[in-house]
Each structure stands twice: as structure tokens, then as C-alpha cells.
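Chains as they are written, first to last, in my numbering: chain P, 1 to 311; chain W, 312 to 586; chain B, 587 to 865.
Since the hints were derived computationally from the structure, they do not count as laboratory data.
Values in this document were obtained by computation on a predicted structure and should not be read as measured data.
Treat the hints with care, since some could be wrong.
Below, computed lysine-lysine pairings styled on DSS-like, alpha-carbon distance capped at 30 Å [to be verified]: (1) Lys780/B x Lys699/B; (2) Lys865/B x Lys780/B; (3) Lys699/B x Lys865/B; (4) Lys780/B x Lys418/W; (5) Lys702/B x Lys865/B; (6) Lys418/W x Lys702/B; (7) Lys418/W x Lys699/B; (8) Lys702/B x Lys185/P; (9) Lys780/B x Lys702/B.
Partner residues are not named here, just some residues of chain P that face chain B (Cβ under 7 Å, in silico) [what the hints assert, rightly or not]: (10) Pro59; (11) Thr73; (12) Arg79; (13) Val84; (14) Thr90; (15) Glu94; (16) Val103; (17) Arg106; (18) Tyr107; (19) Phe108.
We put the beta carbon where it would ideally sit given N, CA and C, even for glycine.
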Amino acid sequence: MGGAEILVRARGLTKRFGDFHAVVGIDFSISRGEAFGFLGPNGAGKSSTMRMIGCVSPPTSGELTILGLNPVTDGPAIRARLGVVPQENTLDLELTVRENLLVYGRYFGLPRAVIRERSAMLLDFVQLSDRAGDQVEPLSGGMKRRLVIARSLINEPDILLLDEPTTGLDPQARHIVWDRLFRLKQRGVTLILTTHYMDEAEQLCDRLVVMDGGRIAAEGSPRALIQRYSTPEVLELRFDPGDHEQAAEKLRGLPAERLEVLADRVLIYITNGDEALAAVRGLGLEPLTSLVRRSTLEDVFLQLTGRHLDD
Amino acid sequence: MTAQATRTAPAAAPGRGGARWSFAVREFRFWLTDYRRTWRGSVISSVLGPLLYLGALGAGLGSLVNRHAGGTLGVSYLTFIAPGMLAATAMQTAFGEALYPVLGSVKWVQNYFAAVASPLRPADVFRGHLLFVVLRLTMNCGVFLALIAAFGATRSPLAIASLPVAVLTGLAFAPALMAWAVTRTRDTSFSVLMRFVMVPLFLFSGTFFPVTRLPGWLQPVAYVSPLWHGVELCRTLSLGTTDLGGAAVHAAYLLALAAAGYAAALRTYARRLHE
Amino acid sequence: MSSGPATLRMPLPGLLGRALAGGRGHGRGGLPLVERNARAYRHLWILLVAGTLEPLFYLLSVRIGLGALVGPVTGPGGRPVGYTEFVAPALLATSSMNGAVYDSTFSVFHKLKYAKVYDAALATPLGPGDVALGEITWALSRGLLYAVTFLLVLAALGLIHSAWLLVAVPASVLIGFAFAGVGMAATTYMRSWKDFDFVILATLPMFLFSTTFYPLSVYPRGLQIVVECTPLYQAVTLLRGFSLGVVGPAMLGSVAYLAVLGLAGVYVASRRIRRLLLK
Numbered sequence: 001m002g003g004a005e006i007l008v009r010a011r012g013l014t015k016r017f018g019d020f021h022a023v024v025g026i027d028f029s030i031s032r033g034e035a036f037g038f039l040g041p042n043g044a045g046k047s048s049t050m051r052m053i054g055c056v057s058p059p060t061s062g063e064l065t066i067l068g069l070n071p072v073t074d075g076p077a078i079r080a081r082l083g084v085v086p087q088e089n090t091l092d093l094e095l096t097v098r099e100n101l102l103v104y105g106r107y108f109g110l111p112r113a114v115i116r117e118r119s120a121m122l123l124d125f126v127q128l129s130d131r132a133g134d135q136v137e138p139l140s141g142g143m144k145r146r147l148v149i150a151r152s153l154i155n156e157p158d159i160l161l162l163d164e165p166t167t168g169l170d171p172q173a174r175h176i177v178w179d180r181l182f183r184l185k186q187r188g189v190t191l192i193l194t195t196h197y198m199d200e201a202e203q204l205c206d207r208l209v210v211m212d213g214g215r216i217a218a219e220g221s222p223r224a225l226i227q228r229y230s231t232p233e234v235l236e237l238r239f240d241p242g243d244h245e246q247a248a249e250k251l252r253g254l255p256a257e258r259l260e261v262l263a264d265r266v267l268i269y270i271t272n273g274d275e276a277l278a279a280v281r282g283l284g285l286e287p288l289t290s291l292v293r294r295s296t297l298e299d300v301f302l303q304l305t306g307r308h309l310d311d
Numbered sequence: 312m313t314a315q316a317t318r319t320a321p322a323a324a325p326g327r328g329g330a331r332w333s334f335a336v337r338e339f340r341f342w343l344t345d346y347r348r349t350w351r352g353s354v355i356s357s358v359l360g361p362l363l364y365l366g367a368l369g370a371g372l373g374s375l376v377n378r379h380a381g382g383t384l385g386v387s388y389l390t391f392i393a394p395g396m397l398a399a400t401a402m403q404t405a406f407g408e409a410l411y412p413v414l415g416s417v418k419w420v421q422n423y424f425a426a427v428a429s430p431l432r433p434a435d436v437f438r439g440h441l442l443f444v445v446l447r448l449t450m451n452c453g454v455f456l457a458l459i460a461a462f463g464a465t466r467s468p469l470a471i472a473s474l475p476v477a478v479l480t481g482l483a484f485a486p487a488l489m490a491w492a493v494t495r496t497r498d499t500s501f502s503v504l505m506r507f508v509m510v511p512l513f514l515f516s517g518t519f520f521p522v523t524r525l526p527g528w529l530q531p532v533a534y535v536s537p538l539w540h541g542v543e544l545c546r547t548l549s550l551g552t553t554d555l556g557g558a559a560v561h562a563a564y565l566l567a568l569a570a571a572g573y574a575a576a577l578r579t580y581a582r583r584l585h586e
Numbered sequence: 587m588s589s590g591p592a593t594l595r596m597p598l599p600g601l602l603g604r605a606l607a608g609g610r611g612h613g614r615g616g617l618p619l620v621e622r623n624a625r626a627y628r629h630l631w632i633l634l635v636a637g638t639l640e641p642l643f644y645l646l647s648v649r650i651g652l653g654a655l656v657g658p659v660t661g662p663g664g665r666p667v668g669y670t671e672f673v674a675p676a677l678l679a680t681s682s683m684n685g686a687v688y689d690s691t692f693s694v695f696h697k698l699k700y701a702k703v704y705d706a707a708l709a710t711p712l713g714p715g716d717v718a719l720g721e722i723t724w725a726l727s728r729g730l731l732y733a734v735t736f737l738l739v740l741a742a743l744g745l746i747h748s749a750w751l752l753v754a755v756p757a758s759v760l761i762g763f764a765f766a767g768v769g770m771a772a773t774t775y776m777r778s779w780k781d782f783d784f785v786i787l788a789t790l791p792m793f794l795f796s797t798t799f800y801p802l803s804v805y806p807r808g809l810q811i812v813v814e815c816t817p818l819y820q821a822v823t824l825l826r827g828f829s830l831g832v833v834g835p836a837m838l839g840s841v842a843y844l845a846v847l848g849l850a851g852v853y854v855a856s857r858r859i860r861r862l863l864l865k
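Take the sequences, apply the hints, and build the full model.
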């Protein structure tokens, strides 16, 4: 991070809805040009945090500064410099693709000529130029998502907020969205995103916080988090359901750093997976399938919370 | 519906005899179940609405009309418009039941597609839904007729026959509207149709004043209006002035429209639900 | 006497500003949302045409048929007037009401709960006050269109007898404002489409009983008071006075009634939108 300008700073940030504690006193800082992620399962408090940063949800307590301004009193001024990709698309189905950008740009008070020029470029950027005059409803899920991204860029924002940018998209559509977001990142746009996909977080985020139950469980770059909270490799084993328990019991004798016994699999956290597999066979166990892979953020999350991201 | 589908034994070959209607009854039951949830709201638009019109125009405006032109109508204004309102209620019920619910069944709720995934065919779906529309017409018109009779706005025991006539008036519209609605993808055209077709029919089909008051060139237009035939028939029955020949012409016209709409709906339902 | 248009124009912006204080975004008020609605209606223009024509159908039916049955009736100030002249301003008032109510209830509810138009708008510098103001301004623009068309038709039918009728245009806009404000406030309390039966339950009896089709004198005194309390009666009285050239200070009361109704509605609506969308 070095001495980069801090764009968002939170200290003891809290959000309560009645008796429900959505966000419980979290601290984080996001610098200009960073891609910062909130990783966590549904209900972890990611979207509530995003809505507070988007100035559409006043914090219950704590301190939040965005672009040096206070979201409670300077909401409109901050929002003028944010781009928002909400969890739900909120596209205007009564307007065409191009009109969605035009109208949205007018919400920012931009002159029509400027919007026209920018929307042509943005539609090109999200590969929707040939659908500019079409209605929105028949577009595929991936196209709609790209249109929302184009819309969020109409005011050339300092910060782009992305709430679950690829949830519900098919793998191909996800990769197109990732590619576009990666290009934005290359251009120096500050990205703040929430996700419950570890691969998305690993692909896009320079730095992230792992959230669980409204709190931050860990913070760092994906690589640093994996290094700190997991082993270099993981051996995944599947046994016949009848032998599962017995096999797991035997495996506890292995010199592994950690062993997770899941309902359908056993995960062995270790430095060298292939050696571990040989050791498993040495114990006289014959798994139905075995897989040696690198540790991921999913393993970090499992280690930190004892649960899966998609739980 | 799928639960009911298992109950009937492998019936006669599709499209033959009694099986035709036993399949339709399953679709009818779906609408009946649905109606148990929503009937309260429909009371406002289908019964209270016409009643308010009757009160405002029959009683309120009637006091002015009776003073000024009582003689030209031959009866009190309330007695004049009550049977007209009965026929108009049938038309409005038809518009209400045959447009949005049909589009909703293919677009929003998609229950038509659930139905044709069972042994039901598009024709059964249409007939079952039409049966429900007939039920709604009978209910709305029945309640309205009972009320105007209670207010003494009917003059003849023949008025009881205006219930089937009103239902028939509704049927001159409903199947045709269903045939068209099932082909739609948006509901914009519905409010256009209601304002460009239903409202003018409501206003110029002899409900509120005799069509003989229309300018000469407009009168033939009124004679084409199914609502005018319904109004005429209901009014003569209510006043006890029906002549058999005239009644037969009116009824035949309404029946012909109902049959044409029915035939059209069988085609458009098949095309939309089995594409 | 000349207080009509002046009272309409003067206090509104200031009071509106106060009613919306804190809910404003970058100071351009609701104009961007009006532009959004205008663009949406470019695809739905036929609905505007239909809405414009509906009161004209009623007017024609009165002109062609019903008028002769009813004959002259007692107009404002006790003067006898032709039945068409009597009903026409009431039909204009009703269509102002219906247009404003449609825009501020069904249409706003759809945008609030399903289309998420306001969620999108609130992610930009616009605030909840801008949203409320935008929807109201749109309802008024539409009301203006209806009113001007209606008056042009009245002129074509030779039914214009007083220059005061021109004042009926801003008066129709005020009527639209009153109903749009109340409608929008009510909409923020609606839970599902079923609650919209109450909208019909409120507007239909008003249309039929607020002296649209016959003078107040038809009712016994007790009922007269009830009718006089309805906003549509106030609206009809106002337009009937202007269209028949019977103008008096009592009309200030109607103007005040409608203005307060609209302002209260906008105030409640923008507070409620804030509570609903800025949780």
C-alpha cells in the first residue's frame, strides 16, 4: 500500500437492524487504486457494509469516511463520485439498453452530449454496442450484469462498488465479467467488491477481509492469507460412505498439519500432497478418489470459521 | 393439478366425448382454488362498482332526468338503466377475467404451462378457464340482478331470464378476448383496449340513453356493439316488453360472437401452449 | 379576484423546499426522474393518448345523449346551465385525479417494489426528496397535457363561455398535485397489489358522488357536508367556477385545501421513501 491515498476508512463501524447485528465494529482502510474484497458467506454483513459505503444506509455507530467526506451529511457529494453495481441488477426494463445509460447519467447531472459519448465507449467496453437499441428484458443474465457495470461507470467514478458481481452467472459469463473488471483494475480504478466465491476473490482482489457473523476474521492479500492460515497443499480423499468414519479415524495418525473430516470428504492439510497420499496408502487405505491441490481461500475460511463459504 | 391428474383413469382418446370436459374440469378446479384466495378484492370491482354507478346515476342523476324527461323514457331512469347496467356488468366482468388472468397464466404465474405439462391439452386449459369465467359472470350478474330486483327496478317476472342473457353477453366478449390475450407478451395493449373499446361501448351502447339519440351515422355502429344487443334484451325482459323475433335476433348475434371467439381461442391456445 | 393563479404559483416552491428539506440531492430536484419517465413513455405513448381520450368519450356521451335527458341544471351561483357545460369541468377534474392517482399509486408501487427504479436512482446523487418531487412533477406534467387537450376539445365543441377557463389549466395541475401527493404517500404504506382495491374504493365513489353528474342540492344536508369534505368535490367546484366564469373568494378555500393536501402528501411520501429505501 505504501503511502497511497486512503479513500475509505472505517473504525468500529457497526450496523444494527432492530435486534439484529449485521455489522459489529469493523475496521478497514482502502487505498486508491486497490482492489479490495469482502469475502464471506451469505449473512456475513458484506452487503450491509457495502450499502453503508454506498451512502444508502446510515451507520448505527462507529466512524466511516469516504473520499474524506462523511456519508451521513455528504451522501450526494460522495455518491456523485461512486459507481455502484448492486446485488440486484435494478436495470430499467421500460427503457432500452442505451437509454438505461442516458437516464442514469442524467441522475448524475451530466450533460447529454457527455453521456452520449461515454455510453458509446462503455457499451463498446462491455461488448453490448450491437444491443444498444434493444429492450433490456430479453438480454441474458451475463449481458444484464455487464450493462449494470457500464451504467456504474457513466460518471467516471473514483471508486467502483461491486456487490456479488457474478452471483447467478454461468461460468462463461463470469469469466467475461472478470475480464472486464480486471481491465478496469489495470486502468487504476479502485474496486471494492463482495463475494462468496473464493476464486473470484483470488482473481480480482489485491487485499481482502474475511467476514463472518458481522465481524472481520482475517485480513491480507489472498496469498498472505493462504500462507498464514493454510498449508501449501491439500490432499482431498473420498472413501466409500460405509468406510468413511473408520478411514478418518486411521488418518488421524498421519503427521499432517491439520485434518478436516467433512460429511463426504477428508481434507489433509500438508506441505507435500503426493507424499501424504503415499503415506495414506501405506496405512492400507484405498480411497475411491484422491486429489492433490493448492490451498485456496476456501481452506482459509474453513480454518477460520469451521464452515464453508457457501453454507 | 398434477395430483388430480393421477385420479382420472387413462381416459378416452384426446378430444373425444365426455373426456373433453372432464379434463377441462381439472383446469376449472385450479381457478376455483385460486379464487378462494382472491375473492374479497374482486367484490369491490365486480359488485360494488356497478352498484355505485346505479346509485349515483339511477338515484342521483335519475332525480333530474325523471323531472325533465321522465315521459320520453316511459319509466323511471333507475328502471331504465338498471338492466343496461346488468349487461354492462357482464361486459366488464368479461374484460376483467379474460385479459390479465390469461396473460398472467402464460407470463407471470405460468400456470397454463404447468397444466399442459400434465395430460391436459391446450383446449382443456381454455375450456376449464372459460368455465370459470362463466361462473364469475353468473355470480356477478346474479348478485346485481338480485339487488336491482330488491330495489324494485325490474318490472316483470321475465327479468329472471335476463341472468342467462347477461351471461351470454359476457360470453360474446370473453372467449374472443381470451383468444387474443393468450397471444400477448405485454399488458400495455390491455389498458389501450379497455379505454378505446370497452369505455366507448359502455357509454354508447344504450345503457345510459337510448341509441336513437345517437346521430344517424353512429347508430349502425351501436347495432354492431354486442353490448347493445345485451342491453336491449335485458331491458325488454326486465320491462316485460320482449318480442320473440327481436329476442331471437339479439340472442343469435351474441351466440355467433361467442362461438367465433370459442373457435378462435381453441386455435390460439394450441399455438401458444404447444409451440 | 385575481388571486387564483397567484396563490397557485407563489407559495408552492418555498413550501415544497421546506417539506423536502434534507431529502434533496444536488439541487436539480426531480427533473432527472421526469426525464426517465418521459423516456419510458416514449415506448408507452399510446397509454397517454388513451388517458387523454377517456374523459372525452364521457364528454361526448353527455353531449350526444345524456344531456338531452337531463336538461339544464342549477350551476354555481344558482344560474341554470346546460348539462354538458355542467359536467365538462367535473370530467376534467376527475381525469386530473385519475391520472395523478394512477401515476402516484400503481406506477410508483411498481417502481418501488418490483422495477427498483428508485434503488437505482438513490445510488446516484439523487435523494429521496428528489424521487418524490420527480414523480409528482411527472404526474403534474401529465395532468397539464390532459387539461390542455380537454380544453381544446371544449373550445372545438363551442363550450367555452368565459376567459376564466384558462385558469382551469393551472387549477387542474393543482388538483393533480393534491392527488399525486396523497396517492404517493398512501403507496408507501401499501404491502401488496391487493391493497390497491382501497385506491378504487376511494376514487370511484368520489367520481360518482362528488357532484360530477348532478348538483349538490340533490342530497339531503347531512350528505352534502360529507360530499363537501371530499377533495374531488373541492376540485370540481374550482374547475366548475372557472369554466362557467363564476369566480369568488370562496374558491381560495378550495385552493388552500388542495395545496395543503398535496404538500402533506409529498412530505409524508419523501419521509417514507427515506425509511423504506435508506435503511
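Now the hints, each set against the structure:
1. Distance hint between Lys780/B and Lys699/B is fulfilled; the C-alpha atoms sit about 14 Å from each other, no more than 30 Å.
2. As the CA atoms of Lys865/B and Lys780/B are separated by approximately 25 Å, the hinted pair is consistent with the 30 Å bound.
3. Distance hint between Lys699/B and Lys865/B is fulfilled; the C-alpha atoms sit about 15 Å from each other, no more than 30 Å.
4. A C-alpha spacing of about 19 Å is found between Lys780/B and Lys418/W, which places the hinted pair at or below 30 Å, so the restraint holds.
5. Proximity of Lys702/B to Lys865/B is assessed by CA-CA distance (about 15 Å); at most 30 Å being required, the pair is judged to hold.
6. Taking the CA atoms of Lys418/W and Lys702/B, the gap is about 20 Å. The hint holds against a cut of 30 Å.
7. Distance restraint check for Lys418/W and Lys699/B: the Cα-Cα separation of roughly 19 Å lies within the 30 Å cut-off, and the hinted pair is therefore satisfied.
8. Only pairs whose Cα atoms come within 30 Å are accepted, and Lys702/B paired with Lys185/P is accepted, the gap being roughly 28 Å.
9. Distance check on the hinted pair: Lys780/B and Lys702/B sit about 20 Å apart at the alpha-carbon level, within 30 Å; holds.
10. Against a cut-off of 7 Å between C-beta atoms, the interface hint on Pro59/P is violated, since the closest Cβ of chain B lies about 12 Å away.
11. Interface hint at Thr73/P: violated, since its Cβ lies 10 Å from the closest Cβ of chain B, which is beyond the 7 Å cut-off.
12. Interface hint status for Arg79/P: upheld, as the beta-carbon distance to the closest one in chain B is roughly 5 Å, under 7 Å.
13. The interface hint given for Val84/P is met, as the beta carbon of that residue sits about 4 Å from the closest beta carbon of chain B, less than 7 Å.
14. The beta carbon of Thr90/P comes within 4 Å of a beta carbon in chain B, closer than 7 Å, and the hint placing it at the interface holds.
15. For Glu94/P, the interface hint holds, since its Cβ comes within 7 Å of a Cβ in chain B; the closest pair sits about 4 Å apart.
16. Given the 7 Å rule on beta carbons, the hint for Val103/P holds: about 5 Å separates it from the nearest Cβ of chain B.
17. A hinted interface residue such as Arg106/P counts as satisfied when its beta carbon comes closer than 7 Å to some beta carbon of chain B; here the least separation is about 4 Å, so the hint holds.
18. Checking Tyr107/P against chain B by beta carbon gives a least distance of about 4 Å; that is within 7 Å, so the hint holds.
19. A distance limit of 7 Å between C-beta atoms decides the matter here; for Phe108/P the minimum to chain B is near 5 Å, and the interface restraint holds.
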